[in-house]
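Chains as they are written, first to last, in full-length UniProt numbering: chain L, 1 to 315; chain X, 1 to 300.
Simulated from the structure, these hints should not be mistaken for laboratory data. Backbone N, C-alpha and C define an ideal beta-carbon position, used for all residues, glycine too. Please note that the accuracy of each hint is not assured.
Stated by the list, open to error - Ranges between beta-carbon positions, derived for each pair:
id, chain 1, residue 1, chain 2, residue 2, range
1, X, Pro75, L, Leu303, 48 to 56 Å
2, X, Leu73, L, Ala29, 25 to 33 Å
3, X, Leu100, L, Gln60, 26 to 34 Å
4, X, Arg217, L, Asp79, 46 to 54 Å
5, L, Gly299, X, Leu284, 40 to 48 Å
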Amino acid sequence: MTLTASARPNPASRPSSIRRVWRQLSPYAYIAPFFSLFAAFGLFPLIYTAYVSLYRVELQTPGDMEWRGLDNYTALLADEFFWTSLRNTFTIGVLSTVPQLVMALGLAHVLNYKLRGRTFFRTAILLPYATSVAAATLVFAQLFGRDFGLINYGLGLVGISPVDWQTGTVASQIAVSTIVIWRWTGYNALIYLAGMQSIPHELYEAAEMDGASRWRQFVHVTLPGLRPTIVFTVIVSTIGATQLFGEPLLFEGSVSGGISHQYQTLGLYMYEQGWGFFHLGRAAAIAWVMFLLILALVGANALITRRHSRKEAGR
Amino acid sequence: MTALTDPPVTHPAPERPAARGRRRSQAGRTMRGGKLAYAVLIVAVLVSAFPFYWTIVAASRSNADMAQVPPALLPGPNLMQNFEAVMEEADIGTALLNSLIVSGSITLGTVLCCTLAGFAFAKLRFRGRGALLAVTVGTMMIPPQLGVIPLFMLIAELQWVNQLQAVILPGLVSAFGVFFMRQFLVQSLPDELIEAARVDGASSARIFWSIVVPIARPGMAALGLLTFMAAWNDFFWPIVALTSSEPTVQVALRQLGGGYVNDQSVIMAGTLLSTLPVLLVFGLLGRQIVGGITQGAVKG
């Protein structure tokens, strides 16, 4: 039942006609603050990005727009650094997302046991989530220092020669991914944990009665029960990886993402074009490409999930 | 074949009022964690906490200490000195104040807007409700970073560049928050309560303040915490909209990391100062934050 339905005339207080009109309009008053802000600062910029991407707009004079058609896009496709950053976004995305989610799954599984100090563990692994990208990156940039970094020192103790975490392509991408993994693993573990706790206990009891080992229980009860949660985290991490920005920017503090752009991501490339080279129109084109990329990745994800679950249901 | 049924969910949808989660986890699985479980968790906690410890070590040492092998592993005596240096060089004092203003306003405004809209979507019937909710939820997954260029042009047009409202107003838009509050109120606000108030002749505003808000409070608190942390830590938009003459802490950190300051221990002192407030919030309310995240995830 809703309010309009309850507005039936009743003898105690007969609503006047003004009141009745207000009753019909008042829901809009409740959503008005959010939607006016949403329209101005949320929806409009997203849609307008596509429009701006067809113009030449300079950072110093954002009011002047000059029609360029698809030039921003063709310039983009001709720029080798666009392709570099697209490739880097992909490799850093894989390097950061896959270990992160696998470790989160393992941690969640362990956290799901009966444990002493459960709340402490849960809160402690969420600590990295509370730090900002900027703070985390500055600290890790220190730790990954080539000459005096603690990580190279630790590697030295076990007999591995120092790694140049800044200039090497693979090494720098691993370093950047490490920051992402550090910040998000605990968060994802808690989300998996919440999903695991909504799997009914009876399913495990039944599996146990059938003589299933803990591992088989994990594979045949936990994982299927977690599928919606896993899909959710994969999508969120994919979107996060696509727009990765702060980590590569502050790792060495340069907008080019390393001397040879070795860890420049699309997000950073966009920032470089817009706020490094003042080409806002070009930056808008990159934003639009990122948007399409996210759509494609999320779509592919949905497709794979659906096919997978259909296969499973057909078994 | 009737294999078209959705994923292999063989169990009934779990009912999930907020309080239930905790109870279940206690009564839940009987498997006790062995030594290995504790070992894994302790390693995870150490890895999570070590960078914080390291920040304190580095921030309390001198730059020379940081550039030696083997590196210093214990805190040193220079903490205050480094704090003073970073206050001077990156104006962290102003940055902290600005961040407090920005994050505080965003938190209050977001919680208010989202509770109002969430209530309307949860309990009021009006034309266009379904469509508006769909638009809100549909944009939830689109990163706001993709809209920064027009947003910047808008802010420039309004001559707001380098003014705090340029960061505050866009920060108030939280589609997630609306959805979160809607879900919360759908579950915890009984229709009968509103109807009874209606019958008693309470006005719409009265109902909101005296019935909806008290019930929504736990949800508002969880949303507020998540919003505050996200606003404090937001990076991309503030460095675009503000400059180092009117910085938030993230802008100041970007400046510190941009090669402007070369003293590593001063940089770490700035990092420490900028992180302390969120760590404080986290230390006091970490449990509620954990709750908010798991709630949001299960519902979202």
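If you test the structure against every hint from before, which numbers come out violated? 2
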